[in-house]
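> One-letter residues, chain by chain:
2 protein chains.
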Amino acid sequence: MTLFEPELGTPAAPSGPLVRVRAKVAYDGTGYAGFAPQPRQKTVGGTLAGALEKALHHPVELTCAGRTDAGVHAWGQVVSFDAAADGFDPKRLQRSVNKMLAPSIAVRSLEAAAPGFDARFSAVSRRYRYTVLDAAVADPFLASTAWWVDKPLDLRAMRLACDPLLGEHDFASFCRVPKDKPDASLVRRVLDARWEVDEHDDGQLLRFWIEANAFCHQMVRSIVGTLVEVGLGKTRAGELTSILRAGDRAAAGKVAPPHGLCLWEVTY
Amino acid sequence: MTLFEPELGTPAAPSGPLVRVRAKVAYDGTGYAGFAPQPRQKTVGGTLAGALEKALHHPVELTCAGRTDAGVHAWGQVVSFDAAADGFDPKRLQRSVNKMLAPSIAVRSLEAAAPGFDARFSAVSRRYRYTVLDAAVADPFLASTAWWVDKPLDLRAMRLACDPLLGEHDFASFCRVPKDKPDASLVRRVLDARWEVDEHDDGQLLRFWIEANAFCHQMVRSIVGTLVEVGLGKTRAGELTSILRAGDRAAAGKVAPPHGLCLWEVTY
Chain U
7 MTLFEPELGT PAAPSGPLVR VRAKVAYDGT GYAGFAPQPR QKTVGGTLAG ALEKALHHPV
67 ELTCAGRTDA GVHAWGQVVS FDAAADGFDP KRLQRSVNKM LAPSIAVRSL EAAAPGFDAR
127 FSAVSRRYRY TVLDAAVADP FLASTAWWVD KPLDLRAMRL ACDPLLGEHD FASFCRVPKD
187 KPDASLVRRV LDARWEVDEH DDGQLLRFWI EANAFCHQMV RSIVGTLVEV GLGKTRAGEL
247 TSILRAGDRA AAGKVAPPHG LCLWEVTY
Chain Z
7 MTLFEPELGT PAAPSGPLVR VRAKVAYDGT GYAGFAPQPR QKTVGGTLAG ALEKALHHPV
67 ELTCAGRTDA GVHAWGQVVS FDAAADGFDP KRLQRSVNKM LAPSIAVRSL EAAAPGFDAR
127 FSAVSRRYRY TVLDAAVADP FLASTAWWVD KPLDLRAMRL ACDPLLGEHD FASFCRVPKD
187 KPDASLVRRV LDARWEVDEH DDGQLLRFWI EANAFCHQMV RSIVGTLVEV GLGKTRAGEL
247 TSILRAGDRA AAGKVAPPHG LCLWEVTY
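Keeping their order, the protein sequence lines are chains U and Z.
So in the numbering used here, spot 8 of the first sequence is number 14, and the numbers just go up one at a time.
So in the numbering used here, spot 133 of the second sequence is number 139, and the numbers just go up one at a time.
Don't read these hints as lab results, they were simulated from the structure.
Be a bit skeptical, because a hint or two may be false.
Copies of one chain are not kept apart here, so a pair can be met inside one copy or by any two copies together.
The calculated lysine-lysine pairs, modelled on DSBU-like cross-linking and capped at a C-alpha distance of 35 Å, are [stated by the list, open to error]:
#	residue 1	residue 2
1	Lys185	Lys97
2	Lys157	Lys105
3	Lys157	Lys240
4	Lys105	Lys48
Since this is a predicted model, take the numbers as computed values, not measurements.
Let the hints inform the model, and build the full structure from the sequences given.
Pasting the structure below:
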């Protein structure tokens with residue numbers, strides 16, 4: 007018996023027992039209007055749910071660990087959803103959706119999870135990576151994954167400026183307040199924030215790693231934008247503390263472009 | 007005085023003294039019909055020459071170190087051409103063409119060379135890199151730069167199979183004979199051929215490095231295709247010597263796809 011009724015346009019919900027599924031997903035966010043499904047837009051979540059529905063023959067409601075913005079990438083996004091338990095075959099489902107989603111989206115793992123598992127609310131922390139190419143000339147192979155800054159950056163100052171971010175703070179200076187929840191708390195706990203350097207023939211490839219219990223909207227990109235201004239000498243490293251205390255969006259630097267950002271890992 | 011005559015469609019050749027120019031170029035070959043300019047095709051050479059002509063206001067005849075095929079990339083392609091010596095400013099020319107060529111092509115360096123310098127005939131050796139992702143799941147960020155092989159490869163056998171390639175041989179088994187020169191020599195001297203392994207979360211990222219005085223058409227991709235068959239256990243490592251001696255295109259394995267290949271460096 008198939009639960010999919012093509013004549014009706016929308017497949018019927020599974021009527022039998024369900025299994026909660028957990029999947030780890032990588033995607034190149036170029037050309038997608040972000041993760042969150044939106045009508046008449048090509049989104050990562052919409053595309054992923056569509057492939058799962060085709061393979062499962064029933065509707066799928068996705069929950070994700072971090073709703074990435076348009077152009078933002080993921081290496082270790084985590085999603086959860088319910089599937090009909092009858093005939094559930096995780097390996098076959100993964101193979102089948104990966105064929106539909108290639109090459110921009112890849113389900114890296116997929117398995118049955120505990121019944122209460124929720125990709126968003128069960129998450130303990132999220133880790134993001136932001137890549138900056140600091141070089142006189144752009145790199146065609148990093149065009150869609152690194153922010154190219156053609157002036158020399160003072161890495162020592164950028165590293166000093168990371169320290170005030172650690173710990174629990176109100177990140178109002180670095181966050182866009184959600185319109186539908188103007189009173190939502192912007193307090194977040196940053197567990198790690200540091201710059202690593204990778205070799206690059208024509209300059210230096212800077213990787214900003216930041217881990218927090220959760221992030222508010224545009225938080226990583228606002229922080230990176232401010233840290234790069236420190237690297238350019240426009241803002242002093244010591245000013246980070248006062249920018250953070252100001253609790254004012256105007257105090258921080260510009261928002262770094264989305265394509266350098268990647269949701270790297272989620273911890274449960 | 008400008009030498010460019012837009013009314014006539016084609017700019018006039020420079021009439022004054024010339025300077026021989028040498029440039030190092032990186033490009034993402036995705037979407038290009040190879041390097042060599044061809045009528046009504048988007049080629050790397052045609053695009054690059056077009057940008058140089060716009061900036062220099064005179065026609066440009068490009069010579070390159072290695073004519074890469076459709077879909078093949080370069081990190082250190084070298085080109086040479088003549089420019090009008092009057093007002094020649096290498097830094098400004100590089101900046102100006104890079105603005106026109108971004109993001110898929112980048113001129114990494116550009117400078118005046120000795121008058122007799124020729125990107126093709128002055129080259130002593132070429133070094134290519136071929137990337138294979140050996141993993142159960144594809145990687146969206148390597149979709150256009152690595153050949154994804156979803157079965158486990160025996161790296162030890164692939165390394166053993168490299169040894170017979172070293173030195174001077176007739177590479178007829180690994181080369182497409184040029185139609186216009188059916189009697190051309192296919193003897194080449196391989197200076198280095200080895201596999202390196204980079205870390206990858208979901209498998210192993212294999213880099214095949216090969217350096218030779220010169221390469222005949224499809225030589226690297228035919229060698230990689232054969233080495234991967236060795237890695238899959240379809241061909242024994244010891245067979246490489248007899249494949250090489252056969253002097254017959256049919257003796258070797260399939261040609262590896264173009265997108266894993268990158269012209270890495272040219273030595274003069």
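> I want to check one pair: Lys157 and Lys240. Are their C-alpha atoms no more than 35 Å apart within a copy, between two copies, both, or neither?
within (12 Å within a copy, 51 Å between copies)
> At 35 Å max between alpha carbons, let me know whether Lys185 reaches Lys97 within a copy, between copies, both or neither.
neither (41 Å within a copy, 48 Å between copies)
> Check Lys105 against Lys48 for me: Cα-Cα at most 35 Å, and say if that holds within a copy, between copies, both or neither.
both (18 Å within a copy, 29 Å between copies)
> With 35 Å as the alpha-carbon cut-off, assign the pair Lys157 and Lys105 to within, between, both or neither.
Between copies, since 16 Å is at most 35 Å while 42 Å is not.
Hint compliance for this structure: hint 1 is the single one not met.
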